[in-house]
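The opening residue of the sequence shown carries number 1 in this note's numbering; numbering runs sequentially from there.
The hints are simulated quantities; they were obtained by calculation from the structure and are not laboratory data.
C-beta atoms are modelled at their ideal positions from N, C-alpha and C, and glycine is treated no differently.
Treat the hints loosely; a few may be bogus.
[To be verified] Have a look at the derived ranges for each label pair, beta carbon to beta carbon:
hint : residue 1 : residue 2 : range
1    : Ser53     : Thr80     : 39 to 47 Å
2    : Tyr49     : Thr80     : 25 to 33 Å
3    : Ser71     : Trp30     : 48 to 56 Å
4    : Phe59     : Trp6      : 14 to 22 Å
5    : Ser71     : Ser36     : 51 to 59 Å
6    : Ala54     : Glu75     : 29 to 37 Å
7    : Ala9      : Ile66     : 33 to 41 Å
8    : Met1      : Ala54     : 47 to 55 Å
9    : Val22     : Tyr67     : 54 to 62 Å
10   : Asn38     : Ile11     : 19 to 27 Å
11   : Phe77     : Tyr43     : 28 to 36 Å
12   : Cys34     : Leu74     : 24 to 32 Å
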Amino acid sequence: MLAVAWIAASICSVPQMLIFHVETHPNETWYYQCVSYNSFPSYGLELVYVIVSALLMYFLPFVVIIYSYASILLEIFRRTRNPIG
Numbered sequence: 001m002l003a004v005a006w007i008a009a010s011i012c013s014v015p016q017m018l019i020f021h022v023e024t025h026p027n028e029t030w031y032y033q034c035v036s037y038n039s040f041p042s043y044g045l046e047l048v049y050v051i052v053s054a055l056l057m058y059f060l061p062f063v064v065i066i067y068s069y070a071s072i073l074l075e076i077f078r079r080t081r082n083p084i085g
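Could you build the full structure based on these sequences and the hints that come with them?
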């Protein structure tokens, strides 16, 4: 299970590796920063990237966590209503 989590995280991070790049600050030439602007040919593609990233990195894990805790809570309620023995 842990290996699956690491593999999934690695796959989800591949787009960031391809999109982000290092540029110097326009006013401070000594200051470097990792940015993603000017990486997409159109605004529509950038919007798709942001939405898919938000879904994969926030909403999907959130739903999995909610489902897991709800399942645990439901099992606790079932066992307290019908104790074994």
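Problem - Contradicted hints - numbers only - result: 2, 5, 7, 8, 9, 11, 12
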